[in-house]
Amino acid sequence: MRRLTWFNATSLTLGFAFLYIPMLILIIFSFNASKLVMVWAGFSTRWYGELLQNEAFLSAAWTTLKVAVASSTIATVLGTMAAYVLIRGGRFWGRTLFSGMIYAPLVMPEVITGLSLLLLFIGIGLDRGVLTIVLAHTTFSMCFVSVVVSSRLVSFDRSLEEAALDLGSTPFEAFRLVTLPIIAPAVISGWLLAFTLSLDDLVIASFTSGPSATTLPIKIFSSIRLGVSPEINALSTILILIVTIGVLTASLVSKRSSLKMQADERAAVRN
Amino acid sequence: MAQTVFEPWNDPDQEPLIQFRNVTKRFGDFTAIDNLSLDIFEREFFALLGPSGCGKTTMMRMLAGFEGVSEGAIYLSGKDIAPVPPNKRAVNMMFQSYALFPHLSVWDNIAFGLKRDRLPKKAIGDRVSEMLQLTRLEKFAHRKPHQISGGQRQRVALARSLAKAPKLLLLDEPLGALDKKLRQDTQFELMDIQEKTGTTFVIVTHDQEEAMTVASRVAVMDEGRLIQVDTPAQIYESPNSLYVADFIGDVNIIEGHAKKSGDGYDITFAEGQPVLHAKTSRDLGSAGKCYLAIRPEKVTVSAEKPEGRTNLVKGTILDIAYLGNLSTYHVKLASGQIIKAQTANTRRIARRDLTWEDEVWLSWTETAAVVLEV
Ligand SMILES: Nc1ncnc2c1ncn2[C@@H]1O[C@H](COP(=O)(O)OP(=O)(O)OP(=O)(O)O)[C@@H](O)[C@H]1O
Ligand SMILES: [Mg+2]
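Chains as they are written, first to last, in our numbering: chain D, 1 to 271; chain Y, 1 to 374.
No wet-lab data here; the hints were simulated from the structure. Mixed in with the good hints there might be a few duds.
Claimed, not checked - Chain D is faced by these chain Y residues, among others (derived, beta-carbon under 7 Å):
hint: 1; residue: Phe-66
hint: 2; residue: Asn-87
hint: 3; residue: Met-93
hint: 4; residue: Phe-95
hint: 5; residue: Phe-101
hint: 6; residue: Arg-116
hint: 7; residue: Pro-120
Unchecked claim - Here are some chain D residues the structure puts well away from chain Y; computed CB gaps all over 10 Å:
hint: 8; residue: Ala-9
hint: 9; residue: Ser-34
hint: 10; residue: Gly-89
hint: 11; residue: Thr-96
hint: 12; residue: Leu-115
hint: 13; residue: Ser-159
hint: 14; residue: Arg-225
Note that beta-carbon positions come from the ideal geometry of N, C-alpha and C, so glycine has one too.
Could you build all of it, start to finish, from the sequences and the hints given here?
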């Protein structure tokens, strides 16, 4: 292994400092005893305690969680189906259009997605609440799932499905018993991706949420406008912790199992 | 009991199990199968032989239902199979790439097809054990495909396709990765299964010895066409073309000019060499350029000039290849041709009397050589 040169070490330090110092400051000040945000008055977990008493925050957190679980699950089902059709469907009429349209939300500005969904919901007379946020999040996160799953499907050996059909399974059984178990890691990381996307979405949620349901990012954002409180610092620290754990697990799970699966597949299929 | 010869292809009343009728298969503008017609009968062990890329796997895939035909039709028991999806065909295929399910154990791989038939648990268990025993995989039942060797994987693929005892079994190079001993055992095993179950086998192989051992008939293919379809003996003894003669087994090819004479042809092949004679019922059309194909084991080598042989040439030994049970002599004629002659080594040290640079006589009977059109 090559040793770190003076130059590399410096740029690494600078880069990481740039990325993490803001978060570090936030975490440190979440343990500040003082009510004044930027004045250090000794270590305390007081704000964490107060956070647990704060009904508004807790209900927003609960809503966020519900929305994230529901929307990422629906998005995973739809996204996987879309990916499967795109990769396996052969050449059907309008395939190119379909694949282009599936990936469009990836590059679409969130404001536009949010606004158009808002207009749709008003148009069909749907009251804004948990349901509308779930629908909106499903819409924009399913294309991410679809990208993740289809990249796995591309490298999937088709003859495995053929073998399943040959042995008498219906196309759906072949998918359920052979394809799905093998691409499961990609599907799981798609779900985790959709989950985190939903968890920290502010823009689309603020278009589609109503007075009856507020998500955590919206709550934080609106309370910041009244001034940063140490409580927010504590909440953000908890969020950072959750996201970190989530991301680490996701990448570990998907990396380990996709490596293993690929090795399995290579071994099973000669050449 | 009257022993009847199994030759359904010579019986006009027999209805073929599989009929290819003018089948053409194109991939884009590449023609993989070219206007091919073929009948395969029930209980046959049909071998497809041919160089890489000649369309063997494509024929299998059309039978299994993974590829449609571009033109023509395939009939199974008299019915056009085009509209039948792969999972509804009484056909199982062993894939050239094995296509084992990586997430399932050997046991579950073999049981996969049986479970799709909703058989009772007990029946599935029994059948899988039977298959494991047949392919000698009992010890590996609970391993995953990536935890076993290449040859073992091949046997799993074979067991999986055999498990359902289908009406038609397609084996795409089923034994390529096995060592010679195991391969022979499995060949006999396959023939045994075939005797017992009456399954029809279509097998692809690169190994002509294998085709000769197991097959009732052999089809030699080239570039999507059938060159010759016949029994192994016929293919070997009377190939219909230079391509087939050259493809199957070792052969001496002599180029010459044929002239009709009696019940065969007289062939002149070089200045100063005697005229050869080959008996044949085949009509070469207008006499002219031809090839004479002679199997090395039909050429007799002798130190003294033998009496009363129709075809007799003289040469010097260039090389002797000792193969244990056989020896092959490479003999160079005065006119430059090299002819291989093979003799069985029945004595402990073969033919002590012949060695390099010796002058020898080569001879063969008038039925030993096959005259082929150019
Ligand atoms: N899906 C496909 N698309 C285009 N060309 C194909 C396709 N499948 C096969 N071919 C071509 O058709 C020809 C016949 O292929 P096939 O797999 O039947 O050969 P094969 O006789 O089984 O050869 P091998 O002995 O190497 O397995 C080859 O030239 C191959 O490149
Ligand atoms: Mg092949």
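Going through the hints against the structure:
1. Phe-66: holds, 5 Å
2. Asn-87: The hint holds - Asn-87(Y) has a Cβ within 7 Å of chain D, the shortest such distance being about 5 Å.
3. Met-93: holds, 5 Å
4. Phe-95: Since chain D brings a Cβ to about 5 Å from Phe-95(Y), closer than 7 Å, the hint holds.
5. Phe-101: holds, 6 Å
6. Arg-116: Constraint on Arg-116(Y) satisfied, holds at 4 Å.
7. Pro-120: With a minimum Cβ separation of about 16 Å from chain D (threshold 7 Å), the hint on Pro-120(Y) is violated.
8. Ala-9: holds, 41 Å
9. Ser-34: Given that every Cβ of chain Y is farther than 10 Å from that of Ser-34(D), nearest at about 56 Å, it holds.
10. Gly-89: The assertion about Gly-89(D) holds, with a minimum of 16 Å to chain Y.
11. Thr-96: holds, 19 Å
12. Leu-115: holds, 44 Å
13. Ser-159: violated, 4 Å
14. Arg-225: Answer for Arg-225(D): holds, closest chain Y Cβ roughly 52 Å.
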